[in-house]
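Those sequence lines, one after another, are chains A and B. Start counting the first sequence at 790; every next residue gets the next number (the working numbering). Start counting the second sequence at 790; every next residue gets the next number (the working numbering).
Keep in mind that the hints were calculated from the coordinates and are not lab data. A hint or two may mislead.
Since the list can't tell identical chains apart, any single copy or any two copies may satisfy a pair.
[Unchecked claim] Simulated crosslink set (DMTMM-like; lysine to aspartate or glutamate; CA at most 25 Å straight-line): (1) K893 with E1036; (2) K884 with E802; (3) K1002 with E1036; (4) K992 with E981; (5) K949 with E801; (6) K949 with E849; (7) K1017 with E861; (8) K847 with D878; (9) K954 with D852; (10) K954 with D848; (11) K954 with E918; (12) K993 with E931; (13) K884 with D991; (14) K847 with E867; (15) K792 with D890; (16) K950 with E1036; (17) K831 with D995; (18) K949 with E981; (19) K992 with E794; (20) K893 with E918; (21) K950 with D848; (22) K993 with E1036; (23) K831 with E975; (24) K847 with E802.
Here's the letter readout for the chains.
There are 2 protein chains.
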Amino acid sequence: MTKNEAIGALIEEGQNWFLPSLSVDCVIFGFHDGELKVLLLKHRHLNMWGLPGGFVYKDEPADVAAQRVLQERTGLQEIFLQQFHTFGDMERYDKEFHNRDLKKDGITVQSDHWLLQRFVTIGYYALVEFSKVSPSEDTLTEKCLWWDIRKVPSLMLDHKKILDKALQTLRMQLNYQPIGYNLLPEKFTMPELLKLYETILDKKLDRRNFQRKILNYGILRRLKEIKKGVAHKAPYLYSFDLNRYQEALSVGLQGGW
Amino acid sequence: MTKNEAIGALIEEGQNWFLPSLSVDCVIFGFHDGELKVLLLKHRHLNMWGLPGGFVYKDEPADVAAQRVLQERTGLQEIFLQQFHTFGDMERYDKEFHNRDLKKDGITVQSDHWLLQRFVTIGYYALVEFSKVSPSEDTLTEKCLWWDIRKVPSLMLDHKKILDKALQTLRMQLNYQPIGYNLLPEKFTMPELLKLYETILDKKLDRRNFQRKILNYGILRRLKEIKKGVAHKAPYLYSFDLNRYQEALSVGLQGGW
Chain A
790 MTKNEAIGAL IEEGQNWFLP SLSVDCVIFG FHDGELKVLL LKHRHLNMWG
840 LPGGFVYKDE PADVAAQRVL QERTGLQEIF LQQFHTFGDM ERYDKEFHNR
890 DLKKDGITVQ SDHWLLQRFV TIGYYALVEF SKVSPSEDTL TEKCLWWDIR
940 KVPSLMLDHK KILDKALQTL RMQLNYQPIG YNLLPEKFTM PELLKLYETI
990 LDKKLDRRNF QRKILNYGIL RRLKEIKKGV AHKAPYLYSF DLNRYQEALS
1040 VGLQGGW
Chain B
790 MTKNEAIGAL IEEGQNWFLP SLSVDCVIFG FHDGELKVLL LKHRHLNMWG
840 LPGGFVYKDE PADVAAQRVL QERTGLQEIF LQQFHTFGDM ERYDKEFHNR
890 DLKKDGITVQ SDHWLLQRFV TIGYYALVEF SKVSPSEDTL TEKCLWWDIR
940 KVPSLMLDHK KILDKALQTL RMQLNYQPIG YNLLPEKFTM PELLKLYETI
990 LDKKLDRRNF QRKILNYGIL RRLKEIKKGV AHKAPYLYSF DLNRYQEALS
1040 VGLQGGW
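Kindly produce the complete structure, drawing on both the sequences and the hints.
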């Protein structure tokens, strides 16, 4: 199907396929080489970018829609998406934005067309080690790229607000849940783990305090081997103790009360 | 407006007023006399209870809808509602449930009626000291009562799942955010604070560990006065240090990294 055919079908048939008033948006963070990035799609007509998002089929669970939308818009699969917040403010409703969009595709629709109504969106986020995934475009996407979160371009609608909320959720999560399992190699050094936290939090941490805290949680196992070929002071290799990690995910880092 | 008139208006006009496919549900926890309770409404026809819930006006922010719905269904006002999860599984869609409901009101509608379609619901919760609030019914509600969370009756649709998720969120929250400010008197003893945590977590805690942990967070101020008329060992009165409390709400109990 060509891009124009896909857009045409969406406009003609969409109201029969999808739940009205609802959409999903995905904030995909990538960690690589000490940098935190976010995956964005370039808007077809405007010089603007946005989060991978889409609609929910009438017979599809909302959480499944998020997975499907992500796979369709970026090619990413089998990613654990975390629902973090639903955005339902009036400010996100911009009827003219979508109207201008359609006009640029040479399409005119009635004012009561389903695409021009108000949508409440459910936000999901995930962390991926991005050298392991290859984002690709689909018929509706022009470009799909990773952006440094400190240098994000102009985003459509309230997508900057959604991105900020996802980042805030991720940072708060660091306080009570371990992060790192899906982002680091199976064996890693303490400086590598520290770098991950510093990158997500966007601030320098005291190395000794960090090490003491993270070791106190008991979610790491120090391995017998050391990292070869590095001249620095902390060559010990660690792994996540998966049972303790899972436990910390469910009761929190303090081990609960 | 009588109950029948209200129901009639909702059925006839609802699709013009409300966003399709979307609803809100509120889990109101009450703490009183060492017990955790939840506010439930009795379903009009079936011997079944449910959470206070309702629809979102087309020109109303979703979070505002939750506040309004709570006020309309229970009389509760000025309560800080926390959005915690959006429920969009297929299992929550029971067309026949609503059809039987309407038939008992003597109403028959077409299969494509807006009330018979699938709804995704946004869940909100709040904690209140329930002797301070008076729940009341509205035209659509038969009864509005507090139930001990350990003895909750049969709930409609997936409301038990929503309640469980809210309770899980509240319990996880205890691990990284202080709880208690809106639930205790301005001055309270350590045993009173301990009792609140034990009630929410539904388990006994070690008194000395609890006191040590909670004091380490630095969110309490010990007052000069002691509680009069109590013969127990811990008569000291405490207050929340509001600045430290607010800070802990935003960076978490560990003071972040």
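Hint by hint, here is what the structure shows:
| no. | hint | in the structure |
| --- | --- | --- |
| 1 | K893 with E1036 | neither (52 Å within a copy, 48 Å between copies) |
| 2 | K884 with E802 | both (19 Å within a copy, 23 Å between copies) |
| 3 | K1002 with E1036 | both (17 Å within a copy, 20 Å between copies) |
| 4 | K992 with E981 | within (15 Å within a copy, 38 Å between copies) |
| 5 | K949 with E801 | neither (30 Å within a copy, 39 Å between copies) |
| 6 | K949 with E849 | between (27 Å within a copy, 21 Å between copies) |
| 7 | K1017 with E861 | neither (41 Å within a copy, 66 Å between copies) |
| 8 | K847 with D878 | both (23 Å within a copy, 11 Å between copies) |
| 9 | K954 with D852 | both (18 Å within a copy, 15 Å between copies) |
| 10 | K954 with D848 | between (29 Å within a copy, 23 Å between copies) |
| 11 | K954 with E918 | within (21 Å within a copy, 30 Å between copies) |
| 12 | K993 with E931 | neither (37 Å within a copy, 57 Å between copies) |
| 13 | K884 with D991 | neither (36 Å within a copy, 48 Å between copies) |
| 14 | K847 with E867 | within (22 Å within a copy, 35 Å between copies) |
| 15 | K792 with D890 | within (14 Å within a copy, 45 Å between copies) |
| 16 | K950 with E1036 | between (32 Å within a copy, 22 Å between copies) |
| 17 | K831 with D995 | neither (38 Å within a copy, 55 Å between copies) |
| 18 | K949 with E981 | neither (29 Å within a copy, 43 Å between copies) |
| 19 | K992 with E794 | neither (47 Å within a copy, 59 Å between copies) |
| 20 | K893 with E918 | neither (36 Å within a copy, 55 Å between copies) |
| 21 | K950 with D848 | between (29 Å within a copy, 20 Å between copies) |
| 22 | K993 with E1036 | between (28 Å within a copy, 20 Å between copies) |
| 23 | K831 with E975 | neither (34 Å within a copy, 53 Å between copies) |
| 24 | K847 with E802 | both (13 Å within a copy, 23 Å between copies) |
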